[in-house]
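*Asks:* Once you have looked at the hints, place chains B and C on chain A.
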Amino acid sequence: MDKKRKFASGVKMGVDYYPEHWDSELWEQDIQLMKITGIRVVRMGEFAWSRLEPSSGVYEFDWLDQALDLFHKYDIEVVLGTPTNTPPRWLTDLRPDILPVFADGSVYHPGVRGHRCYSSDSLNIYGSRIVERMAEHFGKHPAVTGWQIDNEFGMIDCHCPGCSRGFREWVERKYGTLEAVNREWGTVVWSGEYSDWCQIGPPHGGSPHQNPSYLLDYARYQWDEVVKFQHTQIEIIRKHARGQFITHNFHSYPQRLDQYQIGKELDFAAFDYYPNTSPDKQATGPYSGALSLDVTRGIKRRNFWIMEQLSGPPGCWFPMWRTPYPGFIRAFAWQAIARGADTVVHFRWRSAVAGAEQFWHGLIDHSNIPGRKFEEFAALCAEVNTLSRKLRGTELRHDAAILFSHEQLESLRIQPQVEGMDYYENIKDYHRALTKLGIGCDVIDWNESLDRYKLIVAPSLYLMNEEIAGKLERFATEGGTLILTSRSGVKHMNNQCVMMPLPGLLAKCAGAVVQEYDPIGGDVHEIVDNEGRTFACRQWCDILSPNGADIVMRYGGDFYAGIPAVTVNAFGQGQVYYLGTHPEEAWLMSLFSEVASKLKITMFPGLPEGVQVTVRTGRDRSFLFVLNLCREARKVTLPSAYPSLLYGESRGLELELEPYGVDILEMR
Amino acid sequence: MDKKRKFASGVKMGVDYYPEHWDSELWEQDIQLMKITGIRVVRMGEFAWSRLEPSSGVYEFDWLDQALDLFHKYDIEVVLGTPTNTPPRWLTDLRPDILPVFADGSVYHPGVRGHRCYSSDSLNIYGSRIVERMAEHFGKHPAVTGWQIDNEFGMIDCHCPGCSRGFREWVERKYGTLEAVNREWGTVVWSGEYSDWCQIGPPHGGSPHQNPSYLLDYARYQWDEVVKFQHTQIEIIRKHARGQFITHNFHSYPQRLDQYQIGKELDFAAFDYYPNTSPDKQATGPYSGALSLDVTRGIKRRNFWIMEQLSGPPGCWFPMWRTPYPGFIRAFAWQAIARGADTVVHFRWRSAVAGAEQFWHGLIDHSNIPGRKFEEFAALCAEVNTLSRKLRGTELRHDAAILFSHEQLESLRIQPQVEGMDYYENIKDYHRALTKLGIGCDVIDWNESLDRYKLIVAPSLYLMNEEIAGKLERFATEGGTLILTSRSGVKHMNNQCVMMPLPGLLAKCAGAVVQEYDPIGGDVHEIVDNEGRTFACRQWCDILSPNGADIVMRYGGDFYAGIPAVTVNAFGQGQVYYLGTHPEEAWLMSLFSEVASKLKITMFPGLPEGVQVTVRTGRDRSFLFVLNLCREARKVTLPSAYPSLLYGESRGLELELEPYGVDILEMR
Amino acid sequence: MDKKRKFASGVKMGVDYYPEHWDSELWEQDIQLMKITGIRVVRMGEFAWSRLEPSSGVYEFDWLDQALDLFHKYDIEVVLGTPTNTPPRWLTDLRPDILPVFADGSVYHPGVRGHRCYSSDSLNIYGSRIVERMAEHFGKHPAVTGWQIDNEFGMIDCHCPGCSRGFREWVERKYGTLEAVNREWGTVVWSGEYSDWCQIGPPHGGSPHQNPSYLLDYARYQWDEVVKFQHTQIEIIRKHARGQFITHNFHSYPQRLDQYQIGKELDFAAFDYYPNTSPDKQATGPYSGALSLDVTRGIKRRNFWIMEQLSGPPGCWFPMWRTPYPGFIRAFAWQAIARGADTVVHFRWRSAVAGAEQFWHGLIDHSNIPGRKFEEFAALCAEVNTLSRKLRGTELRHDAAILFSHEQLESLRIQPQVEGMDYYENIKDYHRALTKLGIGCDVIDWNESLDRYKLIVAPSLYLMNEEIAGKLERFATEGGTLILTSRSGVKHMNNQCVMMPLPGLLAKCAGAVVQEYDPIGGDVHEIVDNEGRTFACRQWCDILSPNGADIVMRYGGDFYAGIPAVTVNAFGQGQVYYLGTHPEEAWLMSLFSEVASKLKITMFPGLPEGVQVTVRTGRDRSFLFVLNLCREARKVTLPSAYPSLLYGESRGLELELEPYGVDILEMR
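Protein chains in written order, with full-length UniProt numbering: chain A, 1 to 668; chain B, 1 to 668; chain C, 1 to 668.
Keep in mind the hints are simulated off the structure, nothing from the lab.
A quick note: this is a predicted structure, and the numbers were derived from the prediction, not measured.
The beta-carbon is built from N, C-alpha and C at its ideal position, and this holds for glycine as well.
Among these hints, one or two may not hold up.
Label pairs and their computed distance ranges (CB to CB) [claimed, not checked]:
(1) B:652 / A:594: 54 to 64 Å
(2) A:180 / C:198: 42 to 52 Å
(3) A:646 / C:447: 53 to 63 Å
(4) B:121 / A:180: 32 to 42 Å
(5) A:180 / B:103: 30 to 40 Å
(6) B:208 / C:633: 33 to 43 Å
(7) C:94 / B:121: 25 to 35 Å
(8) A:646 / C:467: 23 to 33 Å
(9) C:524 / A:74: 26 to 36 Å
(10) A:536 / B:60: 51 to 61 Å
(11) A:422 / B:103: 30 to 40 Å
(12) C:586 / B:208: 21 to 31 Å
(13) C:425 / A:422: 26 to 36 Å
(14) C:198 / A:25: 29 to 39 Å
Keeping only pairs whose Cα atoms sit at most 20 Å apart, straight-line, the calculated EDC-like set for lysine to aspartate or glutamate is [unchecked claim]:
(15) A:635 / A:658
(16) A:598 / A:658
(17) B:281 / B:422
(18) B:454 / B:395
(19) C:300 / C:451
(20) A:73 / A:62
(21) C:428 / C:585
(22) B:281 / A:523
(23) A:281 / C:419
(24) A:281 / C:558
(25) B:281 / A:419
(26) A:600 / A:478
(27) B:635 / B:609
(28) C:390 / C:585
(29) C:281 / B:558
(30) A:140 / A:75
(31) C:281 / B:523
(32) B:390 / B:620
(33) C:281 / B:419
(34) C:600 / C:419
(35) C:600 / C:478
(36) A:598 / A:399
For reference, chain A alone in the conformation it holds in the complex (with noise of 0.2 Å):
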């Protein structure tokens, strides 16, 4: 398909870009600008539908034809958002239904972005039908590549009647009966038993005092709620644009929706990336970033997008954030090259003279005078450009993942157990040991199969049935490291707990169960190796008894003093880590290191404070991509000296980089 061919050609740039909100005698020369920058890709027109549509059924597509053919003359492709994060406000006085409802009754009024709801039957009518105009009109311009469906999907917790009557009928269509709602559920406990199908509604009133299998159930109907949604635009662009990829911009992690039922239908993910521009956050904000790529690279396993990347400081409704410091855009641009970005688009190309994003500033100030920012970025768009064709085809090989799940996510929302334990920070903490011992991991749905893998972290699968039980205890039996922790096995899908000892359906391949545990919180204590060596953990103790495992760490305090922390158990021809607390990084990262040797899985070890690598690897040769995000320099010691793809000659074993500075080795 021609969408494959475009998409396939190459690392590329692109930016940002709403005709709409310039006068259109500065579209030529904003577009003459890009094409000389270098950029290939311009994204536009997904809060446009107020020009789009002026009126009901009255179609404007004339300005939009007349942008698009300017981007067509310069060869510039253009992904086409649809509208539908803002309903226009003829639409919303026509049809006041497509309003989301809070908790507590309130309407989520118009005047700002986001105010739909995705249930609503009226945003459906309505915004299938400018899509549909939409992708006749624009499905076969040739400048158009591909679309974007709505903007940024988020959790609404919407309570409008639509909702309701949609909720009902989800549950019922779950459960069948209100006898199998109520045991589900155990709504016994305190009497709230149904006795009538129209009783059950969304949480009104917002109590987080409520039944904990009731509101998992709700977000999962607000999950299958937006997946629908998407699906009918989808249809709908594929029907009249064939040649077309679509695709998302998912924002701001951990979102509360499931990220991976909405990738399913999507030919690749996007990503908003806005990673902190404070010094104050140079230790953790570009680990947590790399996070936020290889979760989006997991959504289809494949690379993505990033749809929107900072090129100024936000600010908005907050107060502004720093500026990017010089080289911040370009490491930050390479960082999601690094990842799996393929092509990485910039917000925006000119910061908004009006409406509340004036200040979430573009790569051009609001004075039109390109500066430093643009300068710098001008040059990054020069540099990918030359590396494009090379890096084409390469992708980011593991041996480790991390298991991500949304129903972990959300029921520990729900119920949170301990102050201080938070079910995404705690991946943050997994993720940040491996990329500083220079482990590439990816971030899968718990869903996916796990052949690939020789290392799973599996953090806290606190709810489990026995499918993925088994899929794990396989896994380890094949061969694999396992890494479980406390948290584990507590519940069943339905959000009860499990008369078993913990971890429940995992306790046998943990080859340990917990006696008793201590919610310990702030509170610091501390475990022990079998050398005496002492490391702090936080947050919760489960008091293992073995069962089969061997000891790894003691506690060193409490009651519990000697007693096992962390646990391995040999299974099968794998083994399986039982972590029943929560121990600091340099722990964590002593074991994933002996791990990683043990199975040998590639790693740099002895990576300075800052600096992430990552290897792209295309049919013939892999690319070592080495970056300093912070503002300091920093030397990295390589394994070997390998030619770079920037700088030319190899730079030997010691490889020094400037603050932001940035490096791409070709490895064979």
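*Replies:* Coordinates of chains B and C only, in the frame set by chain A:
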């Protein structure tokens, strides 16, 4: 009466159990284990309305009969809760006026618990009906010894139409005319005068700037409504279940409702006791707990029950607490008994696997495998059962009392006087100072007779009337020592300031007046005694002018340096202290120590931090409870060597207590 | 006119008094004591609607006549407040459209005060009626010299249907067509284009993400409505009470409404002054207070009244403040006079015994026994009365002014630029630096003429138009020194960014442009002068490119080290500073000191911390006020020895001031 026999039958242990939460096949094995463990009481039923009356007028009592029969078979007595805390969904569907309405007009939706306005006619109709059926049906069951009304009453500040009407009628009954209302509430301020009864209603909008006289009466209306709501149920139960006692489980002091009015119709009070398990709370938690127990004993001025006692880490919609340290469960159960509990019911037998309270841990974890906590509990049951008959009929007899007043609590909540001043926290300070000296004290309603006491501590009697002022004067005249503090006598009973020098009606007995005051809040000032020793003080500085009283302490700084801060007045046979500021604990302890010596009040000076002592006295013997309520071992020096009920032989003058160690000594 | 004679009759003292709060038998003894104390003015009536019109159309003026007669008997003048701040209950009952509606749709319920939408037709009908009756009846009373309109106007952000309609009409009047609205608000962003007038209304829901142009116009609409509301009352009073002045009591700056528009129709402005009594606020409170007084003087650019001055600890729905230290009441009354107050009315005669303001203490405590505070006040009255005629007609004449703009205040509130930057707090910083140098300055509306001044400090003129830019240019051209700062010239008047290099329309006179900026927020950076001295700076760093201007300071770090941070441009006869960052006080003081020297602006260098000086100048004499506004004694070195109005003889060059000590010196 039968119930009296049961109630007097010695100290005993129980658990909270929810047969409706578990497969009925589990029941008998649970009850067998209870029996083996030494459990003699079970509470149940207080949330079971939807199972007892699954639809309007359809009663299903068989399951509970079956459970009661089983308990009877194993000779375990049962306390039944009336289930009105959780109206079932069919009822809130049928009669939505049951649901409380918040100040902002939003409804307290069903789905959690406590979703019932005490004043709702529908609640009273349907609630009375189920209570009557239960009383008829279960009132003669041989296992049932008593009833708990509803569960954990609390102030709801309901703004429903029923409360609007009810409050209006209450105001009319109290004042008769609008003229009187306007005068007594002082509504002329800000033109708030009522010209029509219909203008009176709950404080819609919830502004804290409302008229304080009005807000206090709105609280009093609610107090009366809870009492009325309870009274209806009590009448029904007394009619059908003559031999059975009636109680209510209070919780989480201070409660804004008037526990003394609620207590009036009960046979005894009960309390839900969750001592804080965090090591950070060691220094204050057990003292705060001691106060809670003394408050509970003061409700009826007699021994009481613990209806829910901590069994494991609580946690639900909030993060879990620490697990109870070894010995914690035992020590705090003994603390409850030491302060007047005759029965201690642990919450709960087994942790719930479903619903919002899954992580409010019971004695047995979800796995249903009894562990450390259960073992400690079982040993405790054995211990209690051994001593049960010895302790029968013993009670606490004290020479000192602290006056507690819901009038002050509420009016000082409505108008916080100064940063850092909290009525109940101040009571904690006075109570802790007494407790650390081993001075037993009662905490009683300020309306009670003071005849039994030598020492009365009366913090901030902010509202005052002539009757109580007269009672306090008589107490002092007849030889008592009365301790008054700043913010006394400020207002009349309708929450208007008096046009008198402070402490208003108490100025005569204080022998001093307040010339001016400085609300110092968090600033730390100094007071100095006649020997030049200085102590810190906080919150408030009354600048005193003695009028017959002697000067005890003077201020050490600010423009009132040298001016009296604390005075003592010889009044009749007794003396009246006036504390114009809130001194640090060291000073309070020196004051109480001096007063106790003078009045020959028993004390145990020199107790180490964390150790509490109390005495339960019977017809011919007294038992000294010595409790180490911390994680470290402690040594206590006793006035003489007593034999130990727990360890037999006398352990000498020096008692060594392990962490959370307990001893009970026979004094004569 | 009569009122002018009264108004010009010298500096005087007053109290706020509420006859309706007290038994009428107390009135005459209160007034006698006022007379003895030296009180010459009383304000009353502003909350008395329910007493003046107890039911619709029924007027009871006798009681107020009686009170006025008594005041007249003792020759005390009376200012009457119109009572529209507190519509009585019969009126809100009859016409509930009077009640404001919040963004969330909830109603501002009666029961407190200020429960009235300025735009409500009903308020205007019933409010005008009571004001007309009062003006007719009391307008000729010999005791009444003037009127206060309503009480402490404030922005309500009302969302009632009346405001919805009113705002819509306002927008239509301003813009004429929806096309113009959409263009000027930039609604195309996020498809927010209006297609029908009925879509325009207040920002329901209250999201801060709304369009900033729209939000600014919504604020302007409210400004106009308050002015209109006031205008109606002023017209009525002017008609019936010709010889009497009209004022309004502003409070708590910054107020979001446009005080300059409100001030236009007043005879003079008044202010409610509550200097903070906490010792922790000694270092900043008196400077913040000085600014409040200068702001008040700037409203009409003439002397003013204090209508409420602190008399004791405030406290009501919030915890009480510290009591005023000895000398505090006197010192801050003199501070008000020193900065242009001609009358100081203390709030209040006696503390209220009823209602929500019971603990907003007056001069006399609830006991009605005058104490220390009253004695200090009485001595102050005597002192003021002694000097009253000498000070008559004197005023403050300054060479420096700070420009204040409600447009900037509101637009910077809508879009906070960076953490730690607050428009009014920054003005405080500039004002405090001037005050510490003893440089008197005015604070005036940015629309005012600048003719009188040599130095204009113009912080963050974020919105700008050609007219004001031209005025500033002329000011500099003609020899003035203009100080501009970062975030100037960013936007046009409808709150859209300009497509020009910053500072936009001010770039020409600044002689420099902003190449880029770094919103550093709370990070502390350095600026360095040509001698290498360094100073701290915060909030924002404009990276400047001089375009004719000289470099004053350069950045000391980050990637813009060495780049200009502050420039000065010779412009015509004058010069224009541009401060690209917010420097610390020491630097501001050195700048102002240098500029003042150059421009020969009077200053008093070397003032100790806590001491403030100002000069009031009359036809032939000037009076130097020297105020020690702290709890420690201070020594001030004066330029020459002046005779003291308070202590007679000259006290030499070195003036010793006790804590809160005051002196007033005759300069020539």
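*Asks:* Take the hints in turn and mark each one as holding or not.
*Replies:* Verification of the hints:
1. B:652 / A:594: 54 to 64 Å: With a Cβ separation near 55 Å, residue 652 (chain B) and residue 594 (chain A) satisfy 54 to 64 Å, so the hint holds.
2. A:180 / C:198: 42 to 52 Å: Holds, since residue 180 (chain A) and residue 198 (chain C) (Cβ atoms, about 48 Å apart) stay within the stated range.
3. A:646 / C:447: 53 to 63 Å: Holds - the Cβ-Cβ distance for residue 646 (chain A) and residue 447 (chain C), about 57 Å, lies within 53 to 63 Å.
4. B:121 / A:180: 32 to 42 Å: Between residue 121 (chain B) and residue 180 (chain A), where Cβ atoms are some 35 Å apart, the hint holds.
5. A:180 / B:103: 30 to 40 Å: For residue 103 (chain B) against residue 180 (chain A), whose Cβ atoms are near 39 Å apart, the range 30 to 40 Å holds.
6. B:208 / C:633: 33 to 43 Å: Since residue 208 (chain B) and residue 633 (chain C) have Cβ atoms about 41 Å apart, the given range 33 to 43 Å holds.
7. C:94 / B:121: 25 to 35 Å: 30 Å, holds
8. A:646 / C:467: 23 to 33 Å: 53 Å, violated
9. C:524 / A:74: 26 to 36 Å: Violated, since residue 524 (chain C) and residue 74 (chain A) (Cβ atoms, about 46 Å apart) do not stay within the stated range.
10. A:536 / B:60: 51 to 61 Å: 54 Å, holds
11. A:422 / B:103: 30 to 40 Å: At 33 Å between Cβs, range holds.
12. C:586 / B:208: 21 to 31 Å: 42 Å, violated
13. C:425 / A:422: 26 to 36 Å: Holds, at about 34 Å.
14. C:198 / A:25: 29 to 39 Å: 33 Å, holds
15. A:635 / A:658: 9 Å, holds
16. A:598 / A:658: 34 Å, violated
17. B:281 / B:422: Holds, because 19 Å separates the two Cα atoms, which is no more than 20 Å.
18. B:454 / B:395: 18 Å, holds
19. C:300 / C:451: This hinted pair holds, its Cα atoms lying about 16 Å apart.
20. A:73 / A:62: It holds: about 16 Å lies between the C-alpha atoms, which stays within 20 Å.
21. C:428 / C:585: Measuring from Cα to Cα gives roughly 11 Å; hence the hint holds.
22. B:281 / A:523: 13 Å, holds
23. A:281 / C:419: 16 Å, holds
24. A:281 / C:558: With Cα atoms ~16 Å apart, residue 281 (chain A) and residue 558 (chain C) stay inside 20 Å; holds.
25. B:281 / A:419: It holds: about 16 Å lies between the C-alpha atoms, which stays within 20 Å.
26. A:600 / A:478: Distance ~16 Å between residue 600 (chain A) and residue 478 (chain A) Cα, so the pair holds.
27. B:635 / B:609: This hinted pair holds, its Cα atoms lying about 10 Å apart.
28. C:390 / C:585: 36 Å, violated
29. C:281 / B:558: Cα-Cα ~16 Å, so holds.
30. A:140 / A:75: Between residue 140 (chain A) and residue 75 (chain A) the Cα gap is close to 15 Å, so the pair holds against 20 Å.
31. C:281 / B:523: 13 Å, holds
32. B:390 / B:620: 11 Å, holds
33. C:281 / B:419: Holds. Residue 281 (chain C) to residue 419 (chain B) sits at ~16 Å (cutoff 20 Å).
34. C:600 / C:419: Given that 20 Å is the threshold and the Cα spacing comes to 37 Å, the pair is violated.
35. C:600 / C:478: Holds. Residue 600 (chain C) to residue 478 (chain C) sits at ~16 Å (cutoff 20 Å).
36. A:598 / A:399: Roughly 12 Å separates the two Cα atoms, so the pair holds.
The structure is inconsistent with the numbered hints 8, 9, 12, 16, 28, 34, although it conforms to all the rest.
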